[in-house]
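J.: Sequence:
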Amino acid sequence: MSAHVLMYSTAVCPYCVMAERLLKSKGVTEIEKVRVDLDPAIREAMMQKTGRRTVPQIYIGETHVGGFDDLSALDRAGKLDALLNPT
Numbered sequence: 001m002s003a004h005v006l007m008y009s010t011a012v013c014p015y016c017v018m019a020e021r022l023l024k025s026k027g028v029t030e031i032e033k034v035r036v037d038l039d040p041a042i043r044e045a046m047m048q049k050t051g052r053r054t055v056p057q058i059y060i061g062e063t064h065v066g067g068f069d070d071l072s073a074l075d076r077a078g079k080l081d082a083l084l085n086p087t
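So in UniProt numbering, spot 11 of the sequence shown is number 11, and the numbers just go up one at a time.
Calculated directly from the structure, the hints in this document are not laboratory data.
Hints are not guaranteed to be accurate.
Said to hold, decoys possible - The calculated DSS-like cross-link candidates involving lysine-lysine, where the alpha carbons are at most 30 Å apart (straight line), are: (1) K79 <-> K33; (2) K24 <-> K49; (3) K79 <-> K26; (4) K49 <-> K33; (5) K24 <-> K79; (6) K49 <-> K79; (7) K49 <-> K26.
Just so we're clear, the structure is a prediction, and the values are computed from it rather than from any experiment.
Whole structure, please, built from the sequences with the hints as guidance.
T.: And the structure:
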């Protein structure tokens, strides 16, 4: 069973699309997407939680991965699979 994936995103976000594509290539079938462009309060909550203003902001389980660049770096370092598939 793969870990729960939460992604804060907006409707028009190429990095969100790339993050989703990478996650799906790793076998993730469900991504809980939270659209921060629909409600300023949701964006504010994301900023409080992550300390960042940009999207995507990705959580795998309880771990804040960060944005697409962070996700991609984690994959290149060989650490993404272990985070997605905890034992």
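J.: Now, for every hint given, state plainly whether the structure supports it.
T.: For each hint, the structure was consulted:
1. K79 <-> K33: holds (22 Å)
2. K24 <-> K49: Holds, because 25 Å separates the two Cα atoms, which is no more than 30 Å.
3. K79 <-> K26: It holds: about 12 Å lies between the C-alpha atoms, which stays within 30 Å.
4. K49 <-> K33: Roughly 15 Å between the alpha carbons, so the hint for K49 and K33 holds.
5. K24 <-> K79: holds (16 Å)
6. K49 <-> K79: Holds - the C-alpha atoms of K79 and K49 are around 23 Å apart, at most 30 Å.
7. K49 <-> K26: Holds, at about 26 Å.
Violated hints for the displayed structure: none, as all numbered hints are satisfied.
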